[in-house]
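Start from the sequences, fold in the hints, and give me the full structure.
As they're listed, the protein sequences go chains A and B. Heads up, the first sequence stops at 1119 in our numbering, and the numbers go up one at a time, no gaps. Heads up, the second sequence stops at 1119 in our numbering, and the numbers go up one at a time, no gaps.
Heads up, some of the hints might be wrong.
If chains are identical, the list can't say which one is meant, so a pair holds when it fits in one copy or spans any two.
Claimed, not checked - Taking lysine-lysine and the BS3-like style, the derived pairs with C-alpha atoms no more than 30 Å apart in a straight line are:
| no. | residue 1 | residue 2 |
| --- | --- | --- |
| 1 | K827 | K872 |
| 2 | K684 | K1116 |
| 3 | K684 | K883 |
The set of hints was computed from the structure by calculation and includes no laboratory data. What you are looking at is a predicted structure, and each value in this text was computed from that prediction instead of being measured.
2 protein chains.
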Amino acid sequence: MNGARSLLQGLVAAGVDTCFMNPGTSEMHFVAALDDVPAMRGVLGLFEGVVTGAADGYGRIAGRPAAALLHLGPGLGNGIANLHNARRAHTPVVTIVGDHATYHKAFDAPLESDIDSLARPVSGWLRHPASPASLAVDAAAAVEAASGPPGTVATLIVPADISWSDVVGDGSADGAPAGTGAPRPVEGAGRWKRDGAPAGDAVDGGTVDEIAKILRSGEPAALLVGGRATCAEGLFAAAAVSQATGAKLLCETFPANLERGAGVPAVERLAYLAEMATAQLEGLRHLILVDAKSPVSFFAYPGKPSDLVPEGCGVRTLATGADDVVGALSGLQESVGGSNAPTGGTEGRRPEPPAGPLTAQAVAAALGAALPEGAIVSDEGNTAGLFVSGETAHAPRHNWLCLTGGAIGQGLPVATGAALAAPDRPVVALEADGSAMYTLQALWTQAREGLDVTTIVFDNGSYAILELELSRVGAGASGERARAMLDLDRPRLDFVSLAQGMGVPAARVTTAEEMTAQLAGAFAEDGPHVIQAVLGKGLF
Amino acid sequence: MNGARSLLQGLVAAGVDTCFMNPGTSEMHFVAALDDVPAMRGVLGLFEGVVTGAADGYGRIAGRPAAALLHLGPGLGNGIANLHNARRAHTPVVTIVGDHATYHKAFDAPLESDIDSLARPVSGWLRHPASPASLAVDAAAAVEAASGPPGTVATLIVPADISWSDVVGDGSADGAPAGTGAPRPVEGAGRWKRDGAPAGDAVDGGTVDEIAKILRSGEPAALLVGGRATCAEGLFAAAAVSQATGAKLLCETFPANLERGAGVPAVERLAYLAEMATAQLEGLRHLILVDAKSPVSFFAYPGKPSDLVPEGCGVRTLATGADDVVGALSGLQESVGGSNAPTGGTEGRRPEPPAGPLTAQAVAAALGAALPEGAIVSDEGNTAGLFVSGETAHAPRHNWLCLTGGAIGQGLPVATGAALAAPDRPVVALEADGSAMYTLQALWTQAREGLDVTTIVFDNGSYAILELELSRVGAGASGERARAMLDLDRPRLDFVSLAQGMGVPAARVTTAEEMTAQLAGAFAEDGPHVIQAVLGKGLF
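The following block contains the structure:
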């Protein structure tokens, strides 16, 4: 048995059964080993950003890591943006970067580069396997590190000769027990659970009681939930605390995986625009963080504060990502005397299917009217997608996956990975036209794997978010040459043609009625679909 | 005047008049300044790999840097693969990475990451501007560093507040003179010259004479030319040396910019496959490097040597990339008594236009029959493109730009940048179907800018190079699950549809006659074209 096969077996033994990949020569033994380890499913992406983003989407839904196999430094480079998003989402991901053979590195061959330097900014854990025999152990360690809590990107940099050489011994000489044992049961994606990951450390009762006391004081307070607190169980506990104490319930701006819709407590998300977030936080004396960071402005703007916490507001942490977040919320619920019966679930209702010319609002209403129960929504709709959250708030229960790290090009790959993690659930990708073009190759993987993903492209012919930002940063009255850099209208992108080129059926819609009809068709039929929603140009 | 405008002016003053960009919020002041500095042309790419690859192509043809504007760490990440190729090509490129405002970094906002760690592996030079006033100086220093020789990637990491704040003073307080002065004349792309870059240090006469003595000894010897030695002037001198001494004339495997065709001395390129390169080098006693690295295997293969220099062969360096490479070759020519009259130019002739079913050979012959004089060929045709070099060897004089760093996804962006550097010259991009999908967004920039690029996609429905490598690395008889990871056939990519989706006219051809007709049409008409050459599946 060679190292590559041992690595694959080690991953499977640790519960990883899906490997997204865009391999090259240095990873060929890993690819060849797929035939020896049938429990591992290989999923090909045509670009590394698809591979890493899909692993992110998979991990968010499955609650356990997929592997992402990348080719040397440049292959890792192409995957960095979505690994950045995964790191921000605390998604468990095991990245495997193939490297030149150990003895080959000294020759500075064309693809040689400093992989460590590229990997560190996006990796919470990094290891260089020492020998073929250590790979099974290294795989187990990577999965453990990736799983957290908090989840993170764990990276193995595997030289080709360590992949192709025979395993001698069982790896225990390398300082850890062999990572053998029966495969962990593959739990699939629980319909509402992310049940793969360990719960984390219990939060001490003193902290819980102290925060309970603050909340019972009657002073203006808010709970800010994020991370693993945005599962239904966490939201129910948080809603009960809110109900019992009058504390406001807020959610971080871009949660990694928010459960919402009918039956789940609604939670107000902090706005992206600092001006709006400031208004949401105004007057607070206490802000309680629950697996969320203290709110800061996404970007700096001249003359505006970066820290959004109002003056005179104290910030306390109930639980970090390393803690048993849901347990801490339950403890707080008990401590404040909150109801034990799940309360505060959102009432179920749908908007009327819209009529007339297509607007961003009409797209949102059409989706709200049609969103299937159990859907997973990957949201990279940016400005044009602004109304979707409101119009789907009362739709049947679903999950919402956001752009956690701000690195554009996440939406389609995350949708792809989510669909593989939950093959029985419909997936919706909300894409802005600009964002869609970063990792559009994900559509091909969706077609190849027959994934049930419906992509709505909000086509406003521009980087509308940047039109907004251009004025927000005080860059002055923008001229024609500046505006041309934010303009996607010359030529206008034809997403029907682009999707069909990758084997995905697609349609272009210009009225609300067409939107409704296309959504119905896409949800009724298995496999991927793209709907190009043609809107007016620019911002709203 | 704010820092962003000063930076733009500084770049223009140093001779940089083209900025490829995919900006975000932190770069908005830079974008706004385009209207104040009309000498700077902004060119939008829909993905950062297009931006950096286009800057590489521009620099290879213009001989002076373009700028590449990127958004924070993830934007840089997306551009790393093609910066890696540019670094390997010794192309002058000025990379500008926008960062969060200095005071905002402490807040660890979602897009915060370790930009330095990402930038270092692909940057020969890196600077953090200290103030708005220093930006003009920093721009001049970056252009100087990028220009070399040897050329390199020079990176400026520019915080948003340094961009938006007013310039106070002239930057000399930051330790260098202000980078003002009249703009350097913009020379455009000389038809056969890369005349922007400084020549480099003179090689000392002792080295030249010593190498001349070796070559005159009559022992089997070869000149291995690369880098700036592959311009026509260098090749004429090298050919004269070869003719006078009997030394073999070889070229590195993937030259950044090789002049070839009728009238230019032909040079045998070292093969990509180590087995073939070993045969080319067999029996040599002396290998003379001229701005080239000593030959090594691209990848390591079990049981095969990494170093391809035969045993008993001495390796000497005539000139490195820092030296006056062409001057050194001319000196050597003189020292060995080589003819001063340009000799050894390739005879001009074309293959007959092919007939019958389309094969990789027929595509190559059709191109050889039609390649316009003065063409620039960006070659990422990989396995299916193997025959093109031979069939175009006697075509009218042209330039050939190779995949220097092995990071796939270079071809279309490099073609895009080359076309902007030389608007009067036809550009041909040779693309493999797999490779084309990494940075296909380049087609949109070609359409927007009306660039005269003809792209031939060799469609064999697979990562054929990896089918070859899978057996070469000794990964054994590959099974069905392994082969599926190298297969692009489910679904087959429709490049006509993909190109049209980005506004580029396209055609699908299945016979040699159609190929000839489509090439004639594409060369006769301005603007971009894509020709999907449908071949049999897999390797040849």
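Return the numbers of the hints above that this structure violates; sort them in rising order.
-> 2
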